[in-house]
Structures are given as structure tokens and as C-alpha cells.
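**Q** Residues per chain, in single letters:
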Amino acid sequence: MIRRHHFHRPNRGLQVYAVFFMALLYAPIMFIPLFSFSDGLYIRFPIEGWTLRWYDELLQRTAVLRALENSVRVAGSVAVVSTVLGVFAAKALVRYRVPGKGPILGFILLPLVVPPIIFGVALLLMVSWLQIPLSLYTIAAGHIIICLPFAIATLLPRFEGYDAAMEEAAADLGENGWWVFWRVTVPIILPGIVASLLLTFTVSFDEFVMAFFLGGTDLTLPLYVWGQLRIPRAFPVVLALGTLILLFSFVLVFLGLKIGRRGAIKLVDRD
Amino acid sequence: MRMAVTTPNETALAAGRGQSAPRWLLARHEGLRGLILLAPALVILGITVIVPFAMMGAMSFWTQVGFDYADDWSLRNYIEIASEPIYSTLLLRSLGMAMAATLLTVVLVYPMAYFLAFHVHRNKLLWLIIITLPFWTSYLLRVFAWRVVLGFEGVINTGLMEIGLIAEPLKFLLYSRTAVVITLAHAWAAFALLPIYVSLEKIDRSVLEASADLGEGPVMRFFRVILPLSMPGVIAGTFLMFIPTVGDYVTAALVGGPDARMIGNLIQLQFGTINNWPMGAALAITMILAITVVGLMFLGLMLALKRWAR
Amino acid sequence: MDAIKQLAARKRHALNRRAFVRSLMAVGLVPVMSSALPGKARASTRHATVFTWGGFDVPELYQDYVDAHGELPDFAIFGAPEDGLTRLRSGFVTDLIHPCMGDIPRWRQTGLFQPIDTSRLSNWPDVIPGLWEEPHNLEDADGGVWLVPFDWGQTSITYRTDLYDLEGEESWDILWDERYAGRIGMLATGDDVWWCAAIKAGVPFEEIHTDEAFEAISAVLREQRPLVRTYTDDTSSLNQALASGELVAAMTWNSSAVELTFEEVPVRFAQPKEGALTWVCGFMMHRDAPAPDRAYDVLNALISVSAGEFLMGDYGYGHVNIRAFDAFDDETLEALTLSRNPSDILDAGHRSIPQPPEWSARMNTTWERIMAGF
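Residue numbers (the numbering used here), protein chains in the order written: chain E, 1 to 271; chain P, 272 to 581; chain C, 582 to 955.
Among the hints, a few may not be true.
[Stated by the list, open to error] Example chain P residues on the side facing chain C (calculated, C-beta under 7 angstroms, incomplete):
no., residue
1, Gly-302
2, Leu-303
3, Glu-424
4, Arg-532
5, Ile-545
Worth flagging that the hints you see were computed from the coordinates, not collected in a lab. Each residue gets a CB set at the ideal place from its N, CA and C atoms; glycine is no exception.
Chain E on its own, in the form it takes in the complex:
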């Protein structure tokens, strides 16, 4: 392209807006770390003193760590299950002439547009009618429903984006279906799988409403936080916890980004 249109030129106004937008997005969240170091029990300005004691108290609370463990377990299994199901479903929707494709897709994406409270309530009714005890499993089941649409929505474009001829070529070479799937399909859609795992993990990890209705005595982290928010003495500890989660996800994301970039290069090389 020789001519440069003005929509390629930097737009000062938009740049300023972008900075403003990011500030708006981040400013409130930054108060979580700020007040986690504040000496007072109550959030108020000016901050009178600084302390690390909330972090110390956090460390002594085995309940937090257990809630964290529960959340990681639930989110981890939800991410794996919904991504695996999502891979199959997305492949089926893209590769095969499935009857009723439109309605099926609509049905799968339906949970995206139903308020979580409705799902929580409806599932609670079913679970209590079947006399299934509430536990981390019921939470996970609930989360799979809301995560499956995310997984499929993330994976569909991946399947649409590559040439089926690759699979056919492999099949022509006499390889069976599973081999083709593992050695040809999976590597190609790998970025989609990673994205889906990350997204579904995040959604499940932070989901509160369904967990509230479907949870048993084992608490996930959001349920634990909800309980602690009500206790003045515990609140700064929750802020400390929030800070650590924030820090941890930043580290995780940037690590993931680095690895992802290397991975992407590898994939390109293979292509």
C-alpha cells in the first residue's frame, strides 16, 4: 500500500481516551493492594499506618488455603472437561454435516444468555429433588454448563480456520482417526485449546452465584470471600488475599504470554 489514509495515522484524541479508559479500568482495583497494607480495620483516608500483619494472619488461616485448593480443583477440572467436550463439539459442528446445526449451536450457546441466578436456582431444584448432596461436584457441574459455551466459542474459529485437507492427507496415509486427531488436529488447534483452558478456568475460578446455590460445606474461594466480607476483622485479610491473587494472575499471565509466544513460533515453524 502506497497511500496512507488518515485512519492509519495515530489519533491523538483516541490515544488520550485509551489512557483514560485504562486508568478507569485499573484505578478501583488498585485500592485492593493499597488497603491490604493499611494498619486500620476500616477503609478510610488518609491511611494512618502501614502493616504486613494481614498477610501474616492470612498465612495462619488454613481455611483460605483450603478454599483456594478447592477453587483450583474445581476450576481445573471444569476447564479440562469443558475444553475436551468443546473440542469434540466444535469439530463436529465444523467438519460434519450435522442435521439441525443451527439450533444445536444455539442450544449450546444458550447458557451465555441466561442469568446465572436462574441456572443456580434451577440446578438446585434438580439436585435437591434427586437428593444429590451439595458438594464441589455440584458446583463443578454447574460451572461446566456456563463454561462449555465459552470453550466452544473459542474453539470454533480454530476449526474453521484450517484446512481439512491436512487431516485427509493423514488419513490417506492410512492413519486411523485417533492418530490423525492427536498428531494433526490437536497441534493445529492447540492455541485454541490453551485459550479455552485459560478462559474456562478463569470463569469457573471467579464464579460466585452458581457456587452460592450449589455449594456444600467445601467452599470455593469466592464463597469464602463472601463469608469473610461480613466480618470486619476479616476484611483486611480478604484484601491481602485479593492482592496475592492479583499478583499471582499477573505473573501467570505474563509467563503464559512468554511461553505462548515461544509456542506460537514453534507452531509456525511446523507449518
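For chain E, the structure is supplied; the task is to place chains P and C on it using the hints.
**A** Coordinates of chains P and C only, in the frame set by chain E:
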């Protein structure tokens, strides 16, 4: 969507290996193969969506008696919802607040998505991640963070008093509908941004150049080309945010005051303190219907706009 | 409330001593530990599960249990006991749950509870008899009790002595004071609010089930609504708002006033001339308690002297163990609005009377409507 290519090789292969009848059938009828691949997802969703919803529908016609239910199949709950003003008021208020929050978010997010799509050329992924990162922290803590900002001794009030703009803290900031709308807008920003960004990113740059070559100014071009082409993303973002926020109750419980109670709060209470599950089920069903109606009206409006624009 | 301040000073000193050493490590350690966690095996024996308000899940209340079993029991947290009951009825099973005395007859109707054999509690002889010897606590309990009492106190008003200009005696009128419209906070729990409003409306508790009572109580609550800044059942919000001066007065339990005083916020826990709402709460055991033996250990820890000292000294709630009071002098107890002889406090106020589920449903529905403005 790309349609599957028929693969004669596979069929030949299957036949050539002399496979048993079911396998041959599978190879032959790709629709069947597709359905089998879809089956796990569909079965799980079927059990966890259709059955509970059917039960909820059924229960909404029951009546709570003391600690028990009477399955008397009456319309009592619905009649109560229709006749008592509290239900319609809270429902309409929830729809209104969700609409306000969604509108605010879409308006704030669109320029950012536009900036990302057209003015960021390197590290787009990094930008996207930085935008979504705040949403990795606990939703409850994000809502709570707004209390710090909007509170009586919060950032805004302290700041404004410091520079002498106000003498007394502004009270409408916290424990109000304003607080709920602001908090919701912030909490759902990424959900609205991503679809809009994707639709802007998809716009073929040559269309823009063609428009420029035809002598259209940037403003005209935005309204005649970019905005209409990005509408699918705007609509998707609107739905993705509007629908869940109608049923939100956590935000209203934490930063809303007495006048910001939403239908979600009422539903949650039926399954908690008030302990009237049939009524809760009826309210949930009513809410879904209301959302569907509003959603269809919105789609209709968009279609009408599209036709009118032509 | 100087006595309370002294109490606070003593505690802070102790806290600082142990606090700093591990503090720096904490910042780095938690993420590391949490990443290693999923592989860690959980203890094989099942702990008892306690279903209670947030704030009662702290180690100090379960010292004997921790000493015996190495870890805290498991917890589930509710916003209000009625929420908890609804969850139990939907199939959620915990060993113990934390309602109040007046709930016993109604809760028993669900058939979800078993009587508690007090002979299995070694601390039981120290429990003040006046707190549990009530007919509906003993009825059909096979010589035991349905509810082991644990905490008692008042639902009253915490107000800012520097911001609220008290005219005359302390009274429930504080929460209906139009001079402070928009600066009044209220609990959202009907079980507290409804009875307090009955006191304000002058409705005798014996008549609280009548239609006239419903109307009179609804009327005072509707009258109050325009003055109310927030209805909430998390004390954290109320305390925060009282500390910042956003609220000048709020309906609270004992702990809010005590905790705010610890933080040097000038507040008083009012003793309204009409009388406060007083209550005794405790623990009931689930019929299908999965870990009954450990549940007894939990109960025994809760009614121990060490739990009592913490409950009274840190939260300002009354405890049931008579020997726990020895740690406090009369002046401190008075400042905490507690007494060695609980009936002095409990009988000076009003105690709620058990009501049937239908009443409870009607009350909660009406209350929800009033809060929403109808």
C-alpha cells in the same frame, strides 16, 4: 461457516479395510459421526439445562405451605406477581438498571475497541490481556473496591473535598442505583469490549479505503461504514452483558441502597430467608420471559434501524 | 468505654509480638504454597462441620478441638440462620448449625435435628442453667437439650457519640430520628428488625402474631424507610459506615460497638429506655450429622472457658460458661453491657417468642416488601 468436505477416501478406506457394519455406517454418514461427537456436550447440557428448567417450570405452579409444598398446580404465584406492584416495579427497575449499565459500558468501550482495532498495530494480544486482566481478580473484591472509591470517605469524596469543590461528601455515590450501574459497567467491560473489538477487527480495510477514495470524511465514514459493519459485535456485546446483569443480586446487595434492590435480590430471598421456592421459581420464569421480550424488542429495533439506514 | 480501650491495648500488644516475624515471608510464601496444594492429601478422618455466621470461624473459639484434632473443624457460613435452615432443607448436611433459642420449636418441625446429650460435654456443668433451662429446649429431648447455648447479647443501637446529638434518654427513637435522614443503618434480618420494631411500636411480644401487630409494626418500619441509608446483614458494612461517619446510628449487635471502640471510633451501644431485644443463641445438631463425635468436641470447645474469654473480650458477646467471666472485672463487663448474671441483661430487655413457620414466612415477606419500598 465452512461446510464439511465429503471425503470419498475415508469411505474407500473403511470399505477397503473390511470394517464391520457399524463402523462403515459411521464412516458413511458423517451426520451421525458429527452427532456422536456432539453427544457428550449435548447430553450434559440436556440434563443440566432442560431437566432443571422443566422442574422449575413445574414448581412455579406449586404453593408453599409451611415447610412443605402443595403441588396444587395453581396460577397463584403468577397472579400474585401480576397483581402486587413490588414485583413489576423491581423487574422493570432491574431491566432499566441493566440497560443503563449496558449502554454506559458499550459507549465507553466502543472507542477503546476502535482504538485497538485500528490504531494499535503491534502487541495487540498484550493490550487485550492487559484489558482483561482486572477481571481475573475476584468479582466480589472488584465490587468491594468500588465502595472504596464511592464511599463516604472514599476516593472521590475525599478528592473533591480536598480541592474544595464540595463541602460535604456526596451521598448519592454509594448505596444508590448510580453505584450499582457504575459497578456493573466496570465489572462487565471486558465482556462488552471483546465482541465489539472482534467485529471491528474483521472489517475489511479495503472497504475503508474505498470509502475514503469516494471522498467521504472520517465522520461520514464512521457512520456509514464502520458503525454498521460493527453492529453485530455491538449487539453481541449488549446481549452478553445485559442479560446476566438483569439477574445480578450481589452488586445490588453490596453497593446498592434501599432503592436499588433488584429482582435478583428478591429471587435469592425466596430461596433463602423467605423460603418460598415455588414463588422463587415463578419469579425466575417471569424474569426469563421479560428478558426475552426485551431482547426481541431490541433486535427488532436494530433490524428496523438497518432497514431505515438503507 | 475506657475499659474496652484497655482491653484493646492489651490485645494489640500481644498481636504485634507474634505478628512481624512471619509477615515478610507471607507475601512470598502463599502463592508458592497454593501452587503446591492440589497434590496435598487431605486428612483422612472427617472433621465436624459448623454452619454459622462469619466471624465464628476463628481458631480462638475452638482451641480445645484444635488441641485434640490438630486442625479447625470445617465451616459453612450463612448470612442469617433462616438462610442456613433453607439450605439444610435442600439437602445440605452439616453437623452443627447456629440458630437462636426462639427458633427451636419451628426448626424442630423440619425433623432435621437430634437432641444433644449434655452428659457428653465435660464443660456442661459450668454452663449457666438460666440460659438453657427453657421448656421448648428440653421437650422430647431425651434428657438432653435441642440447643446448646453459646452466645447471648442484645440487638440495639450503636451510635456515634460525636455525631449524634442525643436529646434526653437513649431510645429506639434514635433510629427514627428525622434530623439524621439518610444516615441511619439497619440490619436486614427480619428476625431482629421485626421484634425491635415491635418494641418501638409498643406491640407486646405476646400479640406479635395478630393482624393489628403486623400493621402497627409495618407502619413504623415504613415510616423509617426514607431515613435509612442501607439495609444489610453484613456487620462489616455497618461498621465501616459508622467508622466513616456515613452513618450516625445503626441497628447492630454487641460486637459492632465493641469492635469500633477497639478502633477508637467514638460510639456507644445504646441501652434504649424501652428495652433492647435480647437473645440467646447456640448450636443444634443435624439428625444425620456425619461426624457426631467430633461435633460433641466442637460443642465442648465452644462452651469452654478459653472460648468464652475470647467471645466476650474480643466480640463483646456474652458467653455461657460462668468461669469465663472470671477474666473480667465488673467495670469491663459493664462497659461491654454484659453481666455475670445474664438474666440481669436478658430480662431487662425483651426476648422473642417462638412463632410458627407461617408467621415467619408472612413476616419475612412483609419485611422484604417494606425494604423494597412497598
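**Q** Please go over all the hints and tell whether each is borne out by the structure.
**A** Structure-based check of each hint:
{"no.": "1", "hint": "Gly-302", "result": "violated, 41 angstroms"}
{"no.": "2", "hint": "Leu-303", "result": "violated, 39 angstroms"}
{"no.": "3", "hint": "Glu-424", "result": "holds, 4 angstroms"}
{"no.": "4", "hint": "Arg-532", "result": "holds, 5 angstroms"}
{"no.": "5", "hint": "Ile-545", "result": "holds, 5 angstroms"}
Comparing the model with each numbered hint stated earlier shows that hints 1 and 2 do not hold.
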